[in-house]
Amino acid sequence: MLDVEEVERLEAEAVNSAKVRQPLYAARKKIFPKRASGQFRRFKWIVMAVTLGIYYLTPWLRWDRGLYAPDQAVLVDLANRRFYFFFIEIWPQEFFFVAGLLVMAGIGLFLITSTVGRAWCGYACPQTVWVDLFLVVERAIEGDRNARIKLEDAPWSAGKIAKRMAKHAIWLLIAIATGGAWIFYFADAPTLLGEVVTGQAAAIAYMTIAVLTATTYTFGGLMREQVCTYMCPWPRIQAAMLDENSLTVTYNDWRGEPRSRHAKKAAAAGESVGDCVDCNACVAVCPMGIDIRDGQQLECITCALCIDACDGVMDKIGKERGLIAYATLNDYNANMALATGNGAHAIQPALIRQPGGRLSDRVAQFHLGKIFRPRTFVYTAVWALIGFAMLYALLTRERLQLNVLHDRNPQFVVLSDGAIRNGYTVKLLNMIPEPRTVQITLEGLQGGAMNAVGTEQAEGETLAVEVEPDRLKSLKVYVRQPRDLMRPGSTGFRFVARDAAGDETASYDATFIAPEASK
Amino acid sequence: MTEKHIDEVSGVSTTGHEWDGIRELDNPMPRWWLWTFYATVVWAVAYTVAYPAWPLLTSATKGVLAYSSRGEVKRELAAARAAQEKYIAAIKAKSVKEIEADGSLRDFATAAGAATFRVNCVQCHASGAQGSPGFPNLNDDEWLWGGSADQIHKTITHGIRFADDPDTHTSEMPAFAEMLSAGQIGDVSAYVASLSGPVSDPAKVEPGSKVFAESCAACHGANAKGNRELGAPDLTDAIWLYGSGERAIAQQVRAPKNGVMPAWGARLGDVKVKELAVYVHSLGGGE
Numbered sequence: 001m002l003d004v005e006e007v008e009r010l011e012a013e014a015v016n017s018a019k020v021r022q023p024l025y026a027a028r029k030k031i032f033p034k035r036a037s038g039q040f041r042r043f044k045w046i047v048m049a050v051t052l053g054i055y056y057l058t059p060w061l062r063w064d065r066g067l068y069a070p071d072q073a074v075l076v077d078l079a080n081r082r083f084y085f086f087f088i089e090i091w092p093q094e095f096f097f098v099a100g101l102l103v104m105a106g107i108g109l110f111l112i113t114s115t116v117g118r119a120w121c122g123y124a125c126p127q128t129v130w131v132d133l134f135l136v137v138e139r140a141i142e143g144d145r146n147a148r149i150k151l152e153d154a155p156w157s158a159g160k161i162a163k164r165m166a167k168h169a170i171w172l173l174i175a176i177a178t179g180g181a182w183i184f185y186f187a188d189a190p191t192l193l194g195e196v197v198t199g200q201a202a203a204i205a206y207m208t209i210a211v212l213t214a215t216t217y218t219f220g221g222l223m224r225e226q227v228c229t230y231m232c233p234w235p236r237i238q239a240a241m242l243d244e245n246s247l248t249v250t251y252n253d254w255r256g257e258p259r260s261r262h263a264k265k266a267a268a269a270g271e272s273v274g275d276c277v278d279c280n281a282c283v284a285v286c287p288m289g290i291d292i293r294d295g296q297q298l299e300c301i302t303c304a305l306c307i308d309a310c311d312g313v314m315d316k317i318g319k320e321r322g323l324i325a326y327a328t329l330n331d332y333n334a335n336m337a338l339a340t341g342n343g344a345h346a347i348q349p350a351l352i353r354q355p356g357g358r359l360s361d362r363v364a365q366f367h368l369g370k371i372f373r374p375r376t377f378v379y380t381a382v383w384a385l386i387g388f389a390m391l392y393a394l395l396t397r398e399r400l401q402l403n404v405l406h407d408r409n410p411q412f413v414v415l416s417d418g419a420i421r422n423g424y425t426v427k428l429l430n431m432i433p434e435p436r437t438v439q440i441t442l443e444g445l446q447g448g449a450m451n452a453v454g455t456e457q458a459e460g461e462t463l464a465v466e467v468e469p470d471r472l473k474s475l476k477v478y479v480r481q482p483r484d485l486m487r488p489g490s491t492g493f494r495f496v497a498r499d500a501a502g503d504e505t506a507s508y509d510a511t512f513i514a515p516e517a518s519k
Numbered sequence: 001m002t003e004k005h006i007d008e009v010s011g012v013s014t015t016g017h018e019w020d021g022i023r024e025l026d027n028p029m030p031r032w033w034l035w036t037f038y039a040t041v042v043w044a045v046a047y048t049v050a051y052p053a054w055p056l057l058t059s060a061t062k063g064v065l066a067y068s069s070r071g072e073v074k075r076e077l078a079a080a081r082a083a084q085e086k087y088i089a090a091i092k093a094k095s096v097k098e099i100e101a102d103g104s105l106r107d108f109a110t111a112a113g114a115a116t117f118r119v120n121c122v123q124c125h126a127s128g129a130q131g132s133p134g135f136p137n138l139n140d141d142e143w144l145w146g147g148s149a150d151q152i153h154k155t156i157t158h159g160i161r162f163a164d165d166p167d168t169h170t171s172e173m174p175a176f177a178e179m180l181s182a183g184q185i186g187d188v189s190a191y192v193a194s195l196s197g198p199v200s201d202p203a204k205v206e207p208g209s210k211v212f213a214e215s216c217a218a219c220h221g222a223n224a225k226g227n228r229e230l231g232a233p234d235l236t237d238a239i240w241l242y243g244s245g246e247r248a249i250a251q252q253v254r255a256p257k258n259g260v261m262p263a264w265g266a267r268l269g270d271v272k273v274k275e276l277a278v279y280v281h282s283l284g285g286g287e
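Protein sequences, first through last, are from chains C and W. Numbering (the UniProt record's numbering) for the first sequence: 1 to 519. Numbering (the UniProt record's numbering) for the second sequence: 1 to 287.
Simulated from the structure, these hints should not be mistaken for laboratory data. The structure presented is a predicted model; accordingly, all values stated were derived computationally and were not measured. Every residue, glycine too, gets a C-beta built ideally from N, C-alpha and C.
To give an idea of the interface, some chain W residues facing chain C are shown, with a C-beta separation under 8 Å as derived from the structure:
{"no.": "1", "residue": "Arg106"}
{"no.": "2", "residue": "Asp234"}
{"no.": "3", "residue": "Gly284"}
Below, a list of computed lysine to aspartate or glutamate pairs in the DMTMM-like style, where the Cα atoms sit at most 25 Å apart:
{"no.": "4", "chain 1": "C", "residue 1": "Lys473", "chain 2": "W", "residue 2": "Asp102"}
{"no.": "5", "chain 1": "W", "residue 1": "Lys4", "chain 2": "W", "residue 2": "Glu24"}
{"no.": "6", "chain 1": "C", "residue 1": "Lys19", "chain 2": "W", "residue 2": "Asp26"}
{"no.": "7", "chain 1": "C", "residue 1": "Lys316", "chain 2": "C", "residue 2": "Glu257"}
{"no.": "8", "chain 1": "C", "residue 1": "Lys163", "chain 2": "C", "residue 2": "Glu152"}
{"no.": "9", "chain 1": "C", "residue 1": "Lys427", "chain 2": "W", "residue 2": "Asp107"}
{"no.": "10", "chain 1": "C", "residue 1": "Lys19", "chain 2": "W", "residue 2": "Glu24"}
{"no.": "11", "chain 1": "C", "residue 1": "Lys476", "chain 2": "W", "residue 2": "Glu287"}
{"no.": "12", "chain 1": "C", "residue 1": "Lys427", "chain 2": "C", "residue 2": "Glu459"}
{"no.": "13", "chain 1": "W", "residue 1": "Lys97", "chain 2": "C", "residue 2": "Glu456"}
{"no.": "14", "chain 1": "W", "residue 1": "Lys62", "chain 2": "W", "residue 2": "Glu72"}
{"no.": "15", "chain 1": "C", "residue 1": "Lys34", "chain 2": "C", "residue 2": "Glu5"}
{"no.": "16", "chain 1": "C", "residue 1": "Lys29", "chain 2": "C", "residue 2": "Glu11"}
{"no.": "17", "chain 1": "C", "residue 1": "Lys427", "chain 2": "W", "residue 2": "Asp102"}
{"no.": "18", "chain 1": "W", "residue 1": "Lys225", "chain 2": "C", "residue 2": "Asp417"}
{"no.": "19", "chain 1": "W", "residue 1": "Lys225", "chain 2": "C", "residue 2": "Asp484"}
{"no.": "20", "chain 1": "W", "residue 1": "Lys92", "chain 2": "W", "residue 2": "Asp167"}
{"no.": "21", "chain 1": "C", "residue 1": "Lys473", "chain 2": "W", "residue 2": "Asp107"}
{"no.": "22", "chain 1": "C", "residue 1": "Lys476", "chain 2": "W", "residue 2": "Glu142"}
{"no.": "23", "chain 1": "W", "residue 1": "Lys257", "chain 2": "W", "residue 2": "Glu229"}
{"no.": "24", "chain 1": "C", "residue 1": "Lys476", "chain 2": "W", "residue 2": "Asp150"}
{"no.": "25", "chain 1": "W", "residue 1": "Lys97", "chain 2": "C", "residue 2": "Glu459"}
{"no.": "26", "chain 1": "W", "residue 1": "Lys92", "chain 2": "W", "residue 2": "Glu287"}
{"no.": "27", "chain 1": "W", "residue 1": "Lys210", "chain 2": "W", "residue 2": "Glu178"}
{"no.": "28", "chain 1": "W", "residue 1": "Lys97", "chain 2": "C", "residue 2": "Glu466"}
{"no.": "29", "chain 1": "C", "residue 1": "Lys476", "chain 2": "W", "residue 2": "Asp102"}
{"no.": "30", "chain 1": "C", "residue 1": "Lys19", "chain 2": "W", "residue 2": "Asp7"}
{"no.": "31", "chain 1": "C", "residue 1": "Lys473", "chain 2": "W", "residue 2": "Glu98"}
{"no.": "32", "chain 1": "C", "residue 1": "Lys34", "chain 2": "C", "residue 2": "Glu8"}
{"no.": "33", "chain 1": "C", "residue 1": "Lys29", "chain 2": "W", "residue 2": "Asp26"}
{"no.": "34", "chain 1": "C", "residue 1": "Lys167", "chain 2": "C", "residue 2": "Asp153"}
{"no.": "35", "chain 1": "C", "residue 1": "Lys476", "chain 2": "W", "residue 2": "Glu98"}
{"no.": "36", "chain 1": "C", "residue 1": "Lys476", "chain 2": "W", "residue 2": "Asp107"}
{"no.": "37", "chain 1": "W", "residue 1": "Lys94", "chain 2": "C", "residue 2": "Glu456"}
{"no.": "38", "chain 1": "C", "residue 1": "Lys476", "chain 2": "W", "residue 2": "Asp141"}
{"no.": "39", "chain 1": "C", "residue 1": "Lys19", "chain 2": "W", "residue 2": "Glu8"}
{"no.": "40", "chain 1": "W", "residue 1": "Lys86", "chain 2": "W", "residue 2": "Glu76"}
Next up, chain C with everything else stripped away, as it sits in the complex (with noise of 0.2 Å):
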């Protein structure tokens, strides 16, 4: 165990903090984020290796469709207005399923937020991820904080230009990178990497290259906290999600204040000092440049790496994690009441601590009950009827449809026999990637018979009509009733197509019109 005093100090300043608030005018101050390790960093490689390697490597997931349909498990094919994702395929009509899916993830960031806070923004966020990877190319290449803060005060020299342009380089490529990534979601993978190397791929592609490459470069290697910060409405808007239950990053000041560098000294003298060192590791490794000590702020992404670097400190100091920790506003609210009796002082580090030295039982802590209340129960109740309306809606949805649209001019035609006949475009559409033979018969038009234009059938009450894969075809129909079994006036019927090799039917309620009685 390390002495208090031996503890290193960094020497840190939080360049956003609100007090040295910058006129909105000048430079940026740059920050050097110091790598932090700990649980929450662990958990974010974690996070950033699976939230990396899916956007990587999804387009390259083959999905065996058969002969009719691309064997890409996620496509989102423009082109023909197809979106692959495994073993489903939307039409455009269908795009509802998609709508559905970004309400699920809107509630499901509402229940998220409303939980563990900025979660999103600390984690998945893919300026956050992408930002940490470029951290990443450029820990490995200037080194860690001071010998950043060095280089970058140093006048300039070859070995710093080789080290600034190697960098820049990797984070170019990328960029590139990512940028390429995209593109392949909408379009055959290994062909369009082909032709994109080649030069034979479609403009559209290039551009698109070229404007995820600047994004990705400016964004996650230059601008970095700044889109968080400026650009970024969300942390706007998930303020408004959190409640006093939600778990947000916070210092607990109840136990760290008065914090002191000189523990012993004061303690020699009889004052009573908190657990906070002031040795600013926190700030050190907090990639939004903010002092987490001045309590919640706007700039905060809840990334929870200064929680491992208080940690760490605590674990060496030998005293209990959790000076920064993850914490509800209403536990927090608590402790301070009982570290300052309801108000009455200032915090005295005494009152939260029991004789031994361990924290007082009666210091609120948070657990996983605290996570189920109203709240969070109507979210997932609401997020789970989506969810399950939807899956309900695909398990059950058509993928054979039928709609017949009547002539409107001339409504019925009266044939030499005094049959009337009536006129409709009869719409099929084949959802499967296989080729189909439908069959279409009218039911509940007495003596009605039918013929397509373009087809060899002969007249009669069905009609058997080849189906492309994946297509919709359009026929034109003709449908006939004797005179002696006319009814004047509009007659409901109905087309049923059936598929011929399977037992799928669809069907359309139609209307057959011959001239009113009185003519």
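Following the hints, put chain W in place on chain C, whose structure we already have.
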């Protein structure tokens, strides 16, 4: 500008104006916003150089790119025409029957024929080709001059009783007012009406059939089924060009109307007429 005033809370200078104690902070525009604004100014100037912009006395500057929306439409129309070329060439080379046998060519011809029909034919045959008294319904299955694709093509090309075309359909129904007595006309009208429905005075039918055999059967056939060579309609079915019922029939026997249709071959050209024939043949009554 009044005297400088610094807001106490934010430390930002205000605009110096005050409304009932409310002051407006004078925060600077964000840099990115300013630069975007400057860029749009530069863009606007460059745009007026590149594209038509500045009004002159009688015209406007053309712009160095020489762009015009009319020119763009022209190019698009030319591209559309070029895309139609292969279909038009195929239609030119094939007979109407052959066009109908080729699926995509038939679709093209049907659509093109429908467009031509709307411009040239709807005035008489109506927008749904359902006709009106005196102008045949092209949707049904009775054809005065034949309902096969080739017969329709011939009728459209040369017209009916159209004096300027030597190959036009020519036969006419004579006016029987001078050849038959009023009684005979009443009898024959009753007979013809009886072929497709009930009549007012069944006693007239028998004498009427004799008149029909003498005066009408030559063109309309002994069984009144008509003769397409002569454009003589079938009198036994439910379709009546000039109206059904004894009165309308008697009127037609006394002083017949003989409709005229212009020859379209010379006016529209071979391709358009073939497309029209395909379209009309597709309306459901084609043979």
